[in-house]
Amino acid sequence: MTHQFPSLSEAQKRELHDTALRIVSKGKGILAADESVGSMAKRLAQVGVENTEENRRQYRQILFSADDRINCCIGGVIFFHETLYQHSDNGVPFVKMIRDRGILVGIKVDKGVVPLPGTHGETTTQGLDGLSERCMQYKKDGAAFAKWRCVLKISDTNPSNLAISDNANVLARYSSICQQHGIVPIIEPEVLSDGDHDLKRCQYVTEKVLAAVYKAMSDHHVYLEGTLLKPNMVTPGHSCPTKYSPEEVAMATVSALRRTVPPAVPGVAFLSGGQSEEEASVHLNAINNCPLAKPWIMTFSFGRALQASALRAWRGHKENEKTATEHFIKRAEVNNLACQGKYTGGDNYGESGQRVYGSCHAY
Amino acid sequence: MTHQFPSLSPEQKKELSDIAQRIVAPGKGILAADESTGTMGKRLQNIKVENNEENRRSFRDLLFSADASLSNSIGGVIFFHETLYQKSDGGKLFPKVIKDQGIVVGIKVDKGTAALNGTDAETTTQGLDGLSERCAQYKKDGCDFAKWRCVLKISDGCPSPLSISENANVLARYASICQQNGLVPIVEPEILPDGDHDLKRCQYVTEKVLAAVYKALSDHHVYLEGTLLKPNMVTAGHSCPTRFTPQQVAMATVTALRRTVPAAVPGICFLSGGQSEEEASVNLNAINQVPLHRPWKLTFSYGRALQASALAAWQGKAANKKAAQDAFFSRAKINGLASKGEYKPSGSADQASTQSLYTASYVY
Chain A
7 MTHQFPSLSE AQKRELHDTA LRIVSKGKGI LAADESVGSM AKRLAQVGVE
57 NTEENRRQYR QILFSADDRI NCCIGGVIFF HETLYQHSDN GVPFVKMIRD
107 RGILVGIKVD KGVVPLPGTH GETTTQGLDG LSERCMQYKK DGAAFAKWRC
157 VLKISDTNPS NLAISDNANV LARYSSICQQ HGIVPIIEPE VLSDGDHDLK
207 RCQYVTEKVL AAVYKAMSDH HVYLEGTLLK PNMVTPGHSC PTKYSPEEVA
257 MATVSALRRT VPPAVPGVAF LSGGQSEEEA SVHLNAINNC PLAKPWIMTF
307 SFGRALQASA LRAWRGHKEN EKTATEHFIK RAEVNNLACQ GKYTGGDNYG
357 ESGQRVYGSC HAY
Chain B
735 MTHQFPSLSP EQKKELSDIA QRIVAPGKGI LAADESTGTM GKRLQNIKVE
785 NNEENRRSFR DLLFSADASL SNSIGGVIFF HETLYQKSDG GKLFPKVIKD
835 QGIVVGIKVD KGTAALNGTD AETTTQGLDG LSERCAQYKK DGCDFAKWRC
885 VLKISDGCPS PLSISENANV LARYASICQQ NGLVPIVEPE ILPDGDHDLK
935 RCQYVTEKVL AAVYKALSDH HVYLEGTLLK PNMVTAGHSC PTRFTPQQVA
985 MATVTALRRT VPAAVPGICF LSGGQSEEEA SVNLNAINQV PLHRPWKLTF
1035 SYGRALQASA LAAWQGKAAN KKAAQDAFFS RAKINGLASK GEYKPSGSAD
1085 QASTQSLYTA SYVY
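Protein chains in written order, with the working numbering: chain A, 7 to 369; chain B, 735 to 1098.
Each hint should be verified, as a subset may be incorrect.
To be verified - Distance condition first, Cα-Cα at most 25 Å in a straight line; then the derived SDA-like pairs of lysine to any residue:
#1 B:LYS934 <-> A:HIS23
#2 B:LYS776 <-> B:TYR819
#3 A:LYS300 <-> B:GLY761
#4 B:LYS748 <-> A:ALA299
Unchecked claim - Computed from the model, here is a short list of chain B residues facing chain A with C-beta under 7 Å:
#5 THR736
#6 PRO744
#7 PRO996
Please keep in mind that the hints were generated in silico from the structure rather than gathered at the bench. Beta carbons are placed, not taken as given, at the ideal position from N, Cα and C, and that holds for glycine.
Between the sequences and the hints, there should be enough to build the whole structure, so can you do that?
Right under this line is the structure:
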């Protein structure tokens, strides 16, 4: 506890920090295209498409062949392992397609959730075995950052102390290993929105979870300037009877982060969870307009919230590809505005009226 | 861990937040005038003045009436218990003298260090017994903030994990109790500069200590927006053979704080430790010029670094009162400027030339 055994050289720190800043540079966020084979099955089933390797390749191609309009909107793309080694119809590796336009390549490195025995249905995340060697290989294969998702849920008994501490610990181990290989770890402690809890409850739990995450980061000697955080926004549970405005969601979210995320963290890239494309953008916009001081960049790392329309437009038909790509570009451009607080559109906002954020002391 | 049992109403939170903001309003810092009787003894002995109640009163009176515009540089004054119930030469209670100038009154509430058995002479701090009742009384008697000092040291085996966790825990308990009684807690985890360790070592230890402090504050449900932090600057040990510039001290300090102190904390008020008056001002100034984003106010909570010249000028003699007041007021103004990064010591390089000293290749 008293002597430092430096794990990163100055040059390594500089590389990690620069990478993190590039991913979240002004107006940019992350396309989370790292759905596992199992998750893709769910997505493709919804549009009546068979879950084959070829269909997954075709689908990702729709996203990756978006034109230069996305260059100012997307700073990084998270890949699933399979996709990292796939090519376009013209034989161009996807990694090359992405990197050639100045977008950074990321890789999902966790191996999914496993139960925590003795808890009420809670999980931790596996994937640490051989992670160091895998990171080394991914770095050679073009990845500059990684992602690892932990999952916590709110119920009468959850999250338990064990779930909070074990997930924080495993996120810190993963981060520490990534940094040794020049890979920026995206830290994702997702608090699920399942349940009927209100906004306050989600805020409270999010604060406790993030406090534990950053204590673990400190204990594991993780270089914070070379990391990114991918948290949930603070929202009520899906079955909560009370409705909250985007400004209330924003205040609760920013308050929670201000109380827990050290200013040294360069950026916070929100997950969209179960939110619709528009909901996620409107919330991100409100977050960026929240009057509380925010020392980190606040942007997006969206999966469904960038892809839902594109997927529905495609439905597996080649003739729909261009339209599908257009839908993706549109969401990318909307989120480019939202992460700068400049998005004035939105289903429920006809006029850009005065947004009422209310008193921060109620949070 | 999953359900909140709110301990503060929105009104209580607002009151605490407002008090904290007033103390660290732009250009202002804290006068730490809370030396215990024993500590005042040491100060007075240096100028060969007897350590009696009247002399202690007389010196504080001199400070508190130093100048009509004292409140431009001083946002809060920390009192020792005895002083809270003493009066000015004009017969006015000291808390009123301070409050009438628009300055916030604070009170030291800890009861000194106590040994941590089984460690290498490390300590924790006592004072939790009956603290709630004491805070309620202090609030009635005019106080709006409190201070509690924990002490850690750097050596081959220190600080130990126990020392870090025990001091963090006791600071969090103190903070939680203060807030229940409308007092803003100043959280002071001082890491002593004794030793020959270098700047890096102090930075590393400071980061570990502060990470533990803020985890404990979270565990104890403390409302961060209604607290202040009083840390050491990150400096090399007193006997370290290497000299470091104010810019290096500033970079190491701000980096350590950015890695550990949440943006919700309104202000960080550095202790001066063993630094001279000028050193403390120059370092604070450099801290406020560091080209990294600093989401909290960075100001002073100085004892010796505000009072040393005043004490030396006073010598315990009434005839020297004005000279002593001028000396103190001068340091107050200088530190007010330093808290905005606007202090230009005469004869020193201007901002442009010192700016280049920050772009060192060293990554902290």
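Checked hints:
no.: 1; hint: B:LYS934 <-> A:HIS23; result: holds, 19 Å
no.: 2; hint: B:LYS776 <-> B:TYR819; result: holds, 22 Å
no.: 3; hint: A:LYS300 <-> B:GLY761; result: holds, 22 Å
no.: 4; hint: B:LYS748 <-> A:ALA299; result: holds, 17 Å
no.: 5; hint: THR736; result: holds, 6 Å
no.: 6; hint: PRO744; result: holds, 5 Å
no.: 7; hint: PRO996; result: holds, 5 Å
In this structure, every one of the numbered hints holds.
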